[in-house]
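Following the hints, complete the assembly by docking chain B onto the known chain A.
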Amino acid sequence: NAGVMQNPRHLVRRRGQEARLRCSPMKGHSHVYWYRQLPEEGLKFMVYLQKENIIDESGMPKERFSAEFPKEGPSILRIQQVVRGDSAAYFCASSPPSGTETQYFGPGTRLLVL
Amino acid sequence: GQSLEQPSEVTAVEGAIVQINCTYQTSGFYGLSWYQQHDGGAPTFLSYNGLDGLEETGRFSSFLSRSDSYGYLLLQELQMKDSASYFCAVYRQAGTALIFGKGTTLSVSS
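Protein chains in written order, with the numbering used here: chain A, 7 to 120; chain B, 22 to 131.
Looking at chain A on its own, in the form it has when it is part of the complex (with noise of 0.2 angstroms):
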C-alpha cells in the first residue's frame, strides 16, 4: 500500500522562475494538506484542499502562490517567479474522507532557489 508520494523531491530553481510540485494522496485519500518547513523550524500550513476544492488557503501567500487537487491526478503546488525566501522543504500530507485525526505525510521537495 503506497503511502504519500511527493515528486520531485528535490528541485533547484534560479529566481523568478515557476516551481511546480506534485504529491499524489495515498489510496482512498481525499484530503490533502500542503505545509512548508524551514531548517530548524516546525511545519507551517498552506492549504487544504479536497478534489476540486480549495478548503482552506489561510497559510498561503496571496501572491505567487496556488494550489489545485483535480479531479484526476496529483495535487499540485505552484510557486510563480520564486525568490530565495522560499527555499524550504515542502511536505504534502493527506488523510481519508472521514476527516481522521491522522495527516500522513509524504518525504517532502525540497526546494532551492538560487
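Treat the hints with care, since some could be wrong.
Claimed, not checked - Pairs of lysine-lysine, DSS-like flavour, derived with a Cα cap of 27 angstroms:
{"no.": "1", "chain 1": "B", "residue 1": "K102", "chain 2": "A", "residue 2": "K68"}
{"no.": "2", "chain 1": "A", "residue 1": "K57", "chain 2": "A", "residue 2": "K33"}
{"no.": "3", "chain 1": "A", "residue 1": "K68", "chain 2": "A", "residue 2": "K50"}
{"no.": "4", "chain 1": "B", "residue 1": "K123", "chain 2": "B", "residue 2": "K102"}
{"no.": "5", "chain 1": "B", "residue 1": "K123", "chain 2": "A", "residue 2": "K57"}
{"no.": "6", "chain 1": "A", "residue 1": "K50", "chain 2": "A", "residue 2": "K77"}
{"no.": "7", "chain 1": "A", "residue 1": "K57", "chain 2": "A", "residue 2": "K77"}
{"no.": "8", "chain 1": "A", "residue 1": "K57", "chain 2": "A", "residue 2": "K68"}
{"no.": "9", "chain 1": "A", "residue 1": "K50", "chain 2": "B", "residue 2": "K102"}
Think of the hints as simulated: they come from the structure by calculation, not from any bench. Small disclaimer: the values here were computed from a predicted structure and weren't measured.
Chain B only, in chain A's frame:
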C-alpha cells in the same frame, strides 16, 4: 494567535525514559498529535489524544490535559534510533490543518 511551546532540545542515554512537554494556546482545540521526524524526512505519526488521559502505544505514550492546555510525549527504553525531532501539533477542528510546535530535538547517547 496560535502558539505551541515545547523544549528545543532534550538529551538522554539509552534505556532511559524521557518526557517531552507541550503547552498550547490556540483558538479552538480538538486534539493533540505527536510526530517524529528524522533528519528532515517525512514526519511520522506517533500518537493522538482527543480526550484527557494517557494513550499508550508500545514504548511511546502520550498524555493530554485539556483544562491545563498541556500534553506530553513519554518515550521509554530509549534507543539510539529514537534520536530525532519530535513535534506536537494541534487540531483546532476535526479534519482541519495541524498547527505545529517548533519541535524538540532528542539526542540519545550510549
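Cross-check of the supplied hints:
no.	hint	in the structure
1	K102/B <-> K68/A	40 angstroms, violated
2	K57/A <-> K33/A	13 angstroms, holds
3	K68/A <-> K50/A	15 angstroms, holds
4	K123/B <-> K102/B	21 angstroms, holds
5	K123/B <-> K57/A	30 angstroms, violated
6	K50/A <-> K77/A	26 angstroms, holds
7	K57/A <-> K77/A	6 angstroms, holds
8	K57/A <-> K68/A	21 angstroms, holds
9	K50/A <-> K102/B	26 angstroms, holds
Figure legend: structure checked against the earlier numbered hints; hints not met, in rising order: 1, 5.
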